Amino acid sequence: NAGVTQTPKFQVLKTGQSMTLQCAQDMNHNSMYWYRQDPGMGLRLIYYSASEGTTDKGEVPNGYNVSRLNKREFSLRLESAAPSQTSVYFCASRLADEETQYFGPGTRLLVL
Amino acid sequence: GQQLNQSPQSMFIQEGEDVSMNCTSSSIFNTWLWYKQEPGEGPVLLIALYKAGELTSNGRLTAQFGITRKDSFLNISASIPSDVGIYFCAQNSGGSNYKLTFGKGTLLTVNP
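Which chain is which? The protein sequence lines are A and B, in order.
Residue 1 is where the first sequence starts when you use the working numbering, and the numbers rise one by one after that.
Residue 1001 is where the second sequence starts when you use the working numbering, and the numbers rise one by one after that.
To be clear, the hints were calculated from the coordinates, so they are not data collected in a lab.
Treat the hints with care, as some may be off.
Unchecked claim - Some chain B residues close to chain A (C-beta under 8 Å, calculated; not the full set):
| id | residue |
| --- | --- |
| 1 | T1031 |
| 2 | E1041 |
| 3 | G1042 |
| 4 | K1051 |
| 5 | G1053 |
| 6 | F1088 |
| 7 | Y1098 |
| 8 | G1105 |
Keep in mind it's a predicted model, so treat the numbers as computed, not measured.
Ideal Cβ positions, reconstructed from N, Cα and C, are used throughout, including at glycine.
All chains, full assembly: derive it from the sequences and hints.
Okay, structure coming up:
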């Protein structure tokens, strides 16, 4: 099992460009999450998907959209990137009724 | 939203020393989670606590759920270089959706 995989690992964007961060899990987990991590801020929840076909906002959703494409995949889209979205983005997944979230290795995004 | 206050922000210790860090909240919770993030990786769950007063160990790591249910402590005994990383406390702030709120982390550096 690969666990949670994220692509790309690194990305540099110019202000105003768009991009989609991809996340996939092969653990048959029901719930998936997107977090961002900024220096000294811990991780903050952007969006989550409790189950296939549902998505909900987290703590910091502005500037982002998500798609739960199927049970395996949960993508995060930046329609018009801003320097404030420079961050490390983590995807996580969780099996129903279990506490543990499993995190991917992260995508490091720089917006110039 | 709720905030978790984690301290210290950073620690620089010698190999073999014991480490103690803590997390406090103004709200009462039913669980406390402790994660470790190694450089360039996503967070990994170390210990989960479910009852006030509970003391749980995982190897050289010991965590306690405070009696007031508003705080938790993580201790690492006889530190080794591979203990380096950021340690986060976290709370489930989303009920059955298990949305996590993270503290800002304690950066641990171990000098061999």
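**Request:** Determine which of the earlier numbered hints do not hold for this structure and return their numbers in increasing order.
**Result:** 4, 5
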